[in-house]
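Q: This is what each chain is made of:
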Amino acid sequence: MRISRRAIVLAALILLAGWQAAAMALNTMALPEPWRVFVLLGRRLSDGSLAGHLFISLVRALLGILLALVAAVPLGLLAGTESWWDRRLSPFIYLLYPIPHVVLLPLVIILFGIGDLSKIVLIGLIVFFQILVTSRDAARAIHPNYLLTMRTLGASRAQIYGHVIWPATLPRILTALRISIGTAVAILFFVESFATNRGLGFVIMDAWGLADYERLYAGIVAMAALGLSLYLLLDAVEERVCRWTRTA
Amino acid sequence: MIALDNVCLAFAHDGQPVEVLAGVNLQVLAGESCAIIGPSGCGKTSLLFLLAGLLQPDAGTVCVVDRSRCTVILQHYGLLPWKTVAANIGLGLRLQGAAKARISARVAELLEEMDLVRFADHFPGQLSGGMQQRVGLARALAIEPRLLLMDEPLSALDALTRERLQQTILDIWQRHRMTVVLVTHSIEEAVFLGRSVVVLSSRPARVAAVVANPGAGRADYRQSDEFFHRCLQLRQLIREQGHAH
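These protein sequence lines are chains R and L, in that order.
The C-terminal position of the first sequence is numbered 248 in the working numbering, with every residue numbered one higher than the one before it.
The C-terminal position of the second sequence is numbered 493 in the working numbering, with every residue numbered one higher than the one before it.
Mixed in with the good hints there might be a few duds.
Label pairs and their in silico Cβ distance ranges [claimed, not checked]:
{"no.": "1", "chain 1": "R", "residue 1": "ARG240", "chain 2": "L", "residue 2": "ARG317", "range": "53 to 59 Å"}
{"no.": "2", "chain 1": "R", "residue 1": "ARG240", "chain 2": "L", "residue 2": "HIS261", "range": "42 to 48 Å"}
{"no.": "3", "chain 1": "L", "residue 1": "GLY308", "chain 2": "R", "residue 2": "VAL103", "range": "55 to 61 Å"}
{"no.": "4", "chain 1": "L", "residue 1": "HIS261", "chain 2": "R", "residue 2": "THR183", "range": "53 to 59 Å"}
{"no.": "5", "chain 1": "R", "residue 1": "ARG140", "chain 2": "L", "residue 2": "PRO265", "range": "24 to 30 Å"}
{"no.": "6", "chain 1": "R", "residue 1": "ARG240", "chain 2": "L", "residue 2": "GLU357", "range": "29 to 35 Å"}
{"no.": "7", "chain 1": "R", "residue 1": "TYR97", "chain 2": "L", "residue 2": "ARG317", "range": "25 to 31 Å"}
{"no.": "8", "chain 1": "R", "residue 1": "SER156", "chain 2": "L", "residue 2": "SER376", "range": "28 to 34 Å"}
{"no.": "9", "chain 1": "L", "residue 1": "ARG317", "chain 2": "R", "residue 2": "LEU107", "range": "56 to 62 Å"}
{"no.": "10", "chain 1": "L", "residue 1": "SER376", "chain 2": "R", "residue 2": "ARG240", "range": "50 to 56 Å"}
Everything labelled a hint here was simulated from the structure, so no lab data went into it.
The model shown is predicted, which means the values in this text are computed figures rather than measured ones.
For each residue, glycine too, the CB sits at the ideal point set by N, CA and C.
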């Protein structure tokens with residue numbers, strides 16, 4: 001369903017009004033009024049002291065998601081299309097998918113160090129399984145007539161992947177990605193809350209420790225904006241590549 | 249030319265082999281049209297897939313002379329919904345690696361022939377069922393086939409659209425002089441389009457009867473007594489198949 005722009009703006013205003021009302025009712029330092037937070041956010045962004053953190057968080061999230069996509073989509077499509085691969089991959093997916101991958105953090109740090117790479121790998125690892133399972137199931141669900149049609153037209157295996165399997169599964173992969181973005185940003189916060197002094201997660205934890213509540217909320221709002229902008233980016237991609245799904 | 253000699257085919261279902269075709273014999277001469285009719289689930293589609301080379305027989309021989317220039321139209325899910333009408337029509341040529349200019353010229357020609365010019369940039373989901381099957385026909389014709397195989401191409405359409413498209417198929421057959429094999433469960437459609445009509449028995453399918461139908465191909469055939477009597481004759485033959493089981 002397409003949500004109108006006006007309805008989104010209205011919902012944002014209602015949320016802000018709720019925040020304002022809660023801040024006035026509670027009257028505590030721990031929940032500053034939204035306008036104070038936004039003023040601080042504006043200042044921190046314009047003087048550059050927050051922009052760097054926002055940028056590094058964005059890069060970590062994007063690279064993690066990209067890493068997951070590059071690894072998961074080909075494997076998922078292979079498993080969903082070729083029974084040879086399905087028989088060999090699916091038992092591993094079955095065992096590994098339900099594990100809470102975030103507990104693998106110590107292993108990831110041992111393997112990839114405590115720098116940016118381990119943060120990106122952990123985000124990638126968690127998104128990987130969601131995309132893997134979705135792309136496999138989406139490839140399995142392709143109606144066999146599409147493949148039969150391609151075979152009667154003399155298509156090669158590569159052509160079948162390019163003309164049928166990839167475009168048929170793309171909408172569902174993008175939906176899985178949409179769901180994964182929430183997870184990715186949550187993991188981003190988790191991996192940025194230690195062993196780094198850069199990123200929005202660090203800003204939030206640091207401000208919390210110093211009881212600097214306005215900065216704490218400015219960090220939270222920036223992180224929310226990060227997630228939202230990834231969402232908008234995905235909307236734009238979907239708009240471009242999945243025009244046909246609105247016709248079927 | 250097509251020649252099937254004592255073709256047998258079985259599928260595994262829950263580990264048990266299920267016999268689908270039990271010794272089917274069939275000949276269709278080049279440039280002729282043949283309609284295959286029989287009770288639903290009797291193995292008509294399997295027979296068509298054998299002709300297309302999508303299935304291999306367990307026993308017997310399948311000889312299809314123009315296999316390399318054969319094309320199939322399916323009842324459902326034949327068009328790729330993520331490609332526009334023009335891209336769907338040009339798909340076969342594109343897969344063969346034809347030059348872009350040649351593809352667009354041929355697509356333009358077929359859009360014209362099938363009266364689809366205005367819909368070139370539409371997606372299949374935006375078209376009616378009848379228009380979708382016209383796109384399917386256009387795509388089939390794009391590669392200039394010698395053999396056109398159709399699996400109940402019109403059964404999802406309303407009666408009027410159906411008759412119009414039957415006429416279109418007839419025109420195409422006469423204009424392009426190819427071999428046409430059509431699977432259908434409609435007696436009228438089989439008699440209107442097939443210069444021979446093959447009646448299959450229920451599963452496992454054998455050829456129960458081959459009815460010569462030389463009137464098919466005449467524009468006014470549908471209104472003739474001959475057409476009416478042929479339909480009666482076939483209805484009787486098919487009913488006998490029902491009683492045999």
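Q: Is the hinted range of 53 to 59 Å satisfied by the C-beta distance from ARG240(R) to ARG317(L)?
A: Hint violated: Cβ distance 37 Å, outside 53 to 59 Å.
Q: Range hint 24 to 30 Å: satisfied by the CB atoms of ARG140(R) and PRO265(L)?
A: 25 Å, holds
Q: Determine whether the Cβ-Cβ distance between ARG240(R) and GLU357(L) falls within the hinted range of 29 to 35 Å.
A: With Cβ atoms ~30 Å apart, the hint holds.
Q: Holds or violated: 42 to 48 Å for the Cβ distance of ARG240(R) and HIS261(L)?
A: 44 Å, holds
Q: Using the beta carbons of ARG317(L) and LEU107(R), state whether their distance is inside 56 to 62 Å or not.
A: 58 Å, holds
Q: Is the hinted range of 28 to 34 Å satisfied by the C-beta distance from SER156(R) to SER376(L)?
A: For SER376(L) against SER156(R), whose Cβ atoms are near 33 Å apart, the range 28 to 34 Å holds.
Q: So the hint says 55 to 61 Å: do the beta-carbon atoms of GLY308(L) and VAL103(R) match that?
A: 60 Å, holds
Q: Should the hint that SER376(L) and ARG240(R) are 50 to 56 Å apart at their CB atoms be regarded as holding?
A: Violated, at about 27 Å.
Q: Within 25 to 31 Å or not, the Cβ separation of TYR97(R) and ARG317(L)?
A: 47 Å, violated
Q: Measuring from beta carbon to beta carbon, are HIS261(L) and THR183(R) in 53 to 59 Å?
A: Once the Cβ atoms are compared, 41 Å apart, the range 53 to 59 Å for THR183(R) and HIS261(L) is violated.
Consistency note: the structure conflicts with the earlier hints numbered 1, 4, 7, 10.
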